[in-house]
Amino acid sequence: MSEWIAALPMYDWPECRQDTDALWQGWRDALRRRGVDAPQALTRTGDLQALWRSPNLLLAQTCWGPMEAGLAGHVRVVGQPDYSAYEGGDGAYYSSVIVMRKDVAGPDVAASDMAAPEDGRARLSPDLMRGKRLAYNEALSRSGFLALIQDLKEVGEAADLFAEKLETGGHRASLEAVRDGRADVCAVDCRSWAMAQRFESGVDGLRVVGWTARRLGLPYITSRRASDSVVKAVQHVVRTNRGCGYFGT
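In this text, residue positions in the sequence shown follow the working numbering: the first is 1, and each later residue adds one.
Think of the hints as simulated: they come from the structure by calculation, not from any bench.
None of these values were measured; they are calculated from a predicted model.
A hint or two may mislead.
Stated by the list, open to error - Now the in silico label distances, taken between C-beta atoms and shown as ranges:
1. ALA158 x GLY70: 22 to 30 Å
2. ARG239 x GLN40: 16 to 24 Å
3. ASP119 x GLY156: 15 to 23 Å
4. ASP119 x PRO14: 33 to 41 Å
5. SER2 x GLU154: 40 to 48 Å
6. LYS232 x PRO126: 43 to 51 Å
7. ASP103 x GLN18: 15 to 23 Å
8. SER229 x ALA111: 34 to 42 Å
9. CYS16 x ARG224: 28 to 36 Å
10. LYS232 x GLY70: 54 to 62 Å
11. ALA158 x ASP113: 21 to 29 Å
Ideal placement from N, C-alpha and C gives every residue a C-beta, glycine not left out.
Make a model of the complete structure from these sequences and hints.
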């Protein structure tokens, strides 16, 4: 039995799990053909920080926030997904939408969603967000928190722009908090927003009122304890086997 573990948690919504499993099955079989005893199924339990740091980690996806907070010392990056299929994405780079309820944004802003800037630069209105309640998934999330705070800083604003900050634990939960009136604004990455438009009820009451700057998307990683031959096999499989509309680049 394989001692390796694998996880693809970042976009593993219940409605997408069949697709996530199909993606893994293709990668698993390709890895086995290259001599790597990949696990039969994905791991979906346990603490993500512990999973990412496991010496038995064969493949997972993480965020650059945790990477910059120390995870990079435990793992090696083996690929990047392609976000080109999503508005706000360009190859390995993605942006986050800044979303408000229509009644909070006001009639002029709420008339239509703001399109993603073609140049990938941040497009946001601090005055529109001032005094509002921010929902965010977690403080180490680049797409849900750090990117927005950095972009605000670059125009002379800070996190105290917001009247309150509510940590929700996930992008979907942040959107639900805004939809349900427990918060007024949130930032979620462009792929999560596309998924929400497919699967989450009530998002037609939300509007895209801004975009964070385009940044490198969520990396695929493996343990630093993996041998060079295993790393090369994982890199090859992630970069050459497509699935679920994105693939390693």
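Outcome of the hint check:
| no. | hint | verdict |
| --- | --- | --- |
| 1 | ALA158 x GLY70: 22 to 30 Å | 24 Å, holds |
| 2 | ARG239 x GLN40: 16 to 24 Å | 23 Å, holds |
| 3 | ASP119 x GLY156: 15 to 23 Å | 21 Å, holds |
| 4 | ASP119 x PRO14: 33 to 41 Å | 36 Å, holds |
| 5 | SER2 x GLU154: 40 to 48 Å | 46 Å, holds |
| 6 | LYS232 x PRO126: 43 to 51 Å | 46 Å, holds |
| 7 | ASP103 x GLN18: 15 to 23 Å | 36 Å, violated |
| 8 | SER229 x ALA111: 34 to 42 Å | 56 Å, violated |
| 9 | CYS16 x ARG224: 28 to 36 Å | 29 Å, holds |
| 10 | LYS232 x GLY70: 54 to 62 Å | 25 Å, violated |
| 11 | ALA158 x ASP113: 21 to 29 Å | 27 Å, holds |
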